[in-house]
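A.B. asks: Listed below, chain by chain, are the residues.
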Amino acid sequence: MNWWHIAFEIINYILLGYALMLISGNIFIGLYSIGEIKKYLRKNSYTNYRLLARSTQLPGISILAPAYNEGANIIENVRSLLSIHYNNLEVVIINDGSKDDSIEKLMEVYDLYKTDLFVNEQLDTKPIKGVYKSRNLIYSKLIVVDKENGGKADALNVGVNIAKHDYVVCIDVDCILEQDALLKLVKPFMESPDKRVIATGGVVRIANGCEISNGRLLKIHLPDQFLPRVQTLEYIRAFLLGRMAWSRLDGLLLISGAFGAFDKEIVIKCGGYNHNTVGEDMELIVRMRRHMEEASLPYKVAFIPDPLCWTEAPASFKILGRQRNRWTRGTIETLKFHKIMFFNPKYGLMGMLSYPYWFFFEFLAPLVEFFGFFILIGMTLLGYFTWTYVITLFVFMYSFGVLFSVFAILMEVITYNQYKSRKDILNLIATAFIEPVIFHPFVVWCVVQGNIDFLRKKNSWGEMTRAGFTKKKEAT
Amino acid sequence: MEVFDITNLIGPGLSFFGYLIITFWLVTTTLCTFILNYLYIVNKRETRYERWKFIADTFIRKAIFFEEVEPQEKDGSPEIIKNDLPPTPKRLQKLLPNPYFRKLITIELLSAMDSMSGTAAANLKRAFYQVKLNTRVSKMLDSPHWHIKAAGIQQAGIMGMDEFKDKISRFINHERRLIRVEAQNTILKLSGFDGLRFLDDVTYPISEWQRLRILEELSRLPPENFTGIDKWLKSKNDTVVIFALKLAKVYFRFELYEEVRACLSHQNSEVRRQAILACTELQTQDTARQLINRFRSEEEKNQLLIIKALSQIGTEEDIPFLSSLLFSENIKVVIASAYSLADLGENGMAALESHTKAAVFPLDRIITEIKSEVK
Chain A
1 MNWWHIAFEI INYILLGYAL MLISGNIFIG LYSIGEIKKY LRKNSYTNYR LLARSTQLPG
61 ISILAPAYNE GANIIENVRS LLSIHYNNLE VVIINDGSKD DSIEKLMEVY DLYKTDLFVN
121 EQLDTKPIKG VYKSRNLIYS KLIVVDKENG GKADALNVGV NIAKHDYVVC IDVDCILEQD
181 ALLKLVKPFM ESPDKRVIAT GGVVRIANGC EISNGRLLKI HLPDQFLPRV QTLEYIRAFL
241 LGRMAWSRLD GLLLISGAFG AFDKEIVIKC GGYNHNTVGE DMELIVRMRR HMEEASLPYK
301 VAFIPDPLCW TEAPASFKIL GRQRNRWTRG TIETLKFHKI MFFNPKYGLM GMLSYPYWFF
361 FEFLAPLVEF FGFFILIGMT LLGYFTWTYV ITLFVFMYSF GVLFSVFAIL MEVITYNQYK
421 SRKDILNLIA TAFIEPVIFH PFVVWCVVQG NIDFLRKKNS WGEMTRAGFT KKKEAT
Chain B
1 MEVFDITNLI GPGLSFFGYL IITFWLVTTT LCTFILNYLY IVNKRETRYE RWKFIADTFI
61 RKAIFFEEVE PQEKDGSPEI IKNDLPPTPK RLQKLLPNPY FRKLITIELL SAMDSMSGTA
121 AANLKRAFYQ VKLNTRVSKM LDSPHWHIKA AGIQQAGIMG MDEFKDKISR FINHERRLIR
181 VEAQNTILKL SGFDGLRFLD DVTYPISEWQ RLRILEELSR LPPENFTGID KWLKSKNDTV
241 VIFALKLAKV YFRFELYEEV RACLSHQNSE VRRQAILACT ELQTQDTARQ LINRFRSEEE
301 KNQLLIIKAL SQIGTEEDIP FLSSLLFSEN IKVVIASAYS LADLGENGMA ALESHTKAAV
361 FPLDRIITEI KSEVK
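For the protein sequence lines, the chains are A and B, in the order given.
Its first residue numbered 1, the first sequence is counted upward by one per residue in this note's numbering.
Its first residue numbered 1, the second sequence is counted upward by one per residue in this note's numbering.
Treat the hints as calculated values from the structure; they're not laboratory data.
Among these hints, one or two may not hold up.
[Claimed, not checked] Computed footprint of chain A on chain B, listed as stretches where at least three residues anywhere in the stretch have a Cβ under 8 Å from a Cβ of chain A:
hint: 1; region: 19–31
hint: 2; region: 39–51
hint: 3; region: 90–103
hint: 4; region: 324–338
Using N, Cα and C, we set each Cβ at its ideal position, and we do this for glycine too.
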């Protein structure tokens with residue numbers, strides 16, 4: 001046996017060991033999430049949210065919704081946010097230097113006037129051009145901020161500076177919220193007398209294909225298009241299994257930028273959203289947790305499995321590629337900024353488990369998969385392995401991928417059962433079989449590109465064009 | 001080098017991966033079958049539910065609109081008042097042994113009860129007993145499973161089942177949070193303000209969410225001059241003190257002002273925060289001065305609350321104090337003080353505009369904002 005043999009043998013065992021660890025991790029996540037979902041459903045079947053939504057004792061919430069070139073749908077989106085059931089609410093729309101007519105449309109429809117509001121700039125941001133309020137009392141909850149373009153993180157920081165309430169809910173302006181979403185989101189903050197809840201995340205679901213009218217979700221359907229459908233499956237897997245398991249472990253590192261609630265005081269103490277990353281949502285949570293760990297303060301990041309927020313998923317490979325490229329760069333940047341926590345017992349579970357898991361299985365997994373694929377093919381061509389062996393390995397990985405997705409579908413069906421029709425569920429199961437061969441390789445490729453772009457120091461957000469719910473509905 | 005051989009996949013020498021692949025597919029097939037069967041059963045049950053719901057709703061509707069026959073005098077003696085609801089329909093009786101139907105009719109009755117009062121609510125309660133759902137509640141209360149016990153407690157509360165009051169009282173300090181929370185709410189439903197006596201003994205923290213639920217529960221009851229707040233204000237459980245302060249504030253218990261004021265020097269900052277709010281609501285002539293005396297020793301959050309309180313209870317005597325705060329380095333304190341000064345009337349506004357820092361940032365901007373809001 002020569003050195004090459006030994007090297008290939010080692011690589012082979014590393015790849016095998018890695019694959020088995022990844023699979024074991026996923027099996028653990030899948031099974032561990034069950035208890036948390038069950039507990040949540042049992043606990044929350046006793047709450048009458050409808051009655052509590054009227055309470056004057058509820059803590060105030062400021063919704064922060066950054067908007068960039070959202071002119072096509074901004075009026076409906078804002079109307080949808082204003083219609084949410086919650087007694088003590090303000091809605092802050094931050095126009096992040098849009099090049100379209102968003103601000104003019106808002107001014108006209110909501111009868112806005114420019115105020116002399118003094119903004120206490122606790123977080124550094126790009127200059128504000130104006131703060132607007134409505135003359136119409138019906139829209140008294142609404143505040144519109146017009147500012148110079150500075151990116152999503154900057155826009156959210158402006159929102160934090162302006163927000164008058166103790167809790168801020170950061171969402172994408174085009175998201176559709178369930179009527180009781182805010183009440184469910186604020187509950188964990190009020191329910192934990194021994195630990196301070198610093199953030200709460202909720203499940204985001206794909207709205208493509210659903211029936212939507214006047215910013216309200218009327219009927220849920222599985223998307224007809226392949227990409228949104230496969231993302232529906234991906235979101236079920238990630239939110240219902242992944243985040244619930246991490247929430248149970250109290251090691252959640254990510255709350256979706258599309259929908260999350262934060263304790264404003266801690267956000268400000270941590271310096272707000274970071275402008276130097278495109279993964280500002282994950283970075284903020286990691287920084288908040290790090291802040292609490294370093295200050296030795298008891299805290300918690302909560303997560304709710306109820307589907308509370310509906311968003312439009314990219315329907316083209318081009319847009320999806322940009323999104324995944326950005327997510328990859330955001331993950332790498334966050335891990336890089338907080339590398340001090342890597343296997344650092346000072347940061348408890350976060351340092352010893354959450355961070356290493358993200359490093360090895362969220363950041364490295366697609367890279368190992370990509371390079372592992374070519375190494376295995378190369379080694380087989382050189383005669384070190386038989387094709388049978390390689391194919392068996394691929395079948396093994398494929399089989400587990402399908403099983404994990406089917407398990408996620410099962411959890412969805414026995415818990416929320418949003419896609420009630422047999423046809424939709426069959427479609428979803430079929431998608432689980434197709435995903436590993438079409439969607440997954442594409443995502444892996446986007447991750448590799450994201451890594452390359454990171455090394456090239458590319459830091460653009462990447463344009464995210466959306467079809468819009470209204471347009472889509474008209475088309476159907 | 002030993003290579004993997006497909007011939008080993010099936011047969012006596014089945015490889016490690018071979019076993020796993022087969023296992024994965026077997027599990028996948030089982031899960032898919034289960035999902036489809038489950039969906040079939042659920043969809044079938046939902047179709048049945050439509051029919052069941054109609055039967056249950058008809059029964060509930062009849063109970064709600066049932067009117068007792070007015071007593072009529074016959075031969076000088078009054079006729080006996082008819083107390084029973086119409087008999088349970090046979091088809092409903094047949095369905096009652098079915099646990100899914102019992103669950104459905106329970107949910108329907110409870111949700112109807114939640115939005116009813118008076119005779120309609122009394123009739124719904126009688127309907128609940130008529131179909132013997134009270135025995136189910138009794139069994140639920142004895143269940144070893146926390147979620148079933150909690151559901152039973154909740155149902156007993158909504159239905160006003162007084163016979164379970166003693167049993168439920170034993171759960172108000174239960175180690176399981178959900179059980180004690182539901183027991184506390186139910187005791188309030190069954191005993192009204194007297195139910196608040198659970199605060200005498202509760203040792204576990206009462207979360208902010210639970211405080212909100214209790215206040216909502218109490219808001220449905222006619223106001224009553226209940227006792228006990230003075231005792232709870234001295235509780236060793238800080239969350240009980242916080243709640244007692246809220247009660248004193250919400251129910252305007254002016255006679256408890258001194259006890260409330262004593263909480264301003266409590267060691268827990270959240271208690272002091274609630275005490276500031278309660279003192280503001282129950283104000284006396286000295287409140288402003290007492291809050292100002294506490295100001296320097298308070299943390300920022302409570303300082304801001306005191307400044308805000310002065311906008312409601314302050315007088316012209318407090319203008320020098322608020323003006324002095326305009327020199328603060330903390331912009332939040334400056335903003336709050338400026339607003340409080342403006343709220344103290346013309347003299348307050350004049351003090352604000354003539355302040356030595358009135359033309360300096362940020363006060364100049366804050367004054368502009370206040371003036372534009374006044375317009």
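A.B. asks: Give a verdict on every hint.
C.D. replies: Hint by hint, here is what the structure shows:
A count of 7 residues in the region 19–31 of chain B with a Cβ less than 8 Å from any Cβ of chain A is obtained; the coverage claim is therefore met, three being the minimum. Counting residues of the region 39–51 of chain B whose CB lies closer than 8 Å to any CB of chain A gives 4, so the stated coverage by that chain holds, three being the minimum. For the region 90–103 of chain B, the proposed coverage by chain A is not satisfied: 0 residues have a C-beta within less than 8 Å of a C-beta in that chain, short of the threshold of three. Residues of the region 324–338 of chain B with a Cβ under 8 Å from some Cβ of chain A number 3, which satisfies the need for three, so the listed coverage holds.
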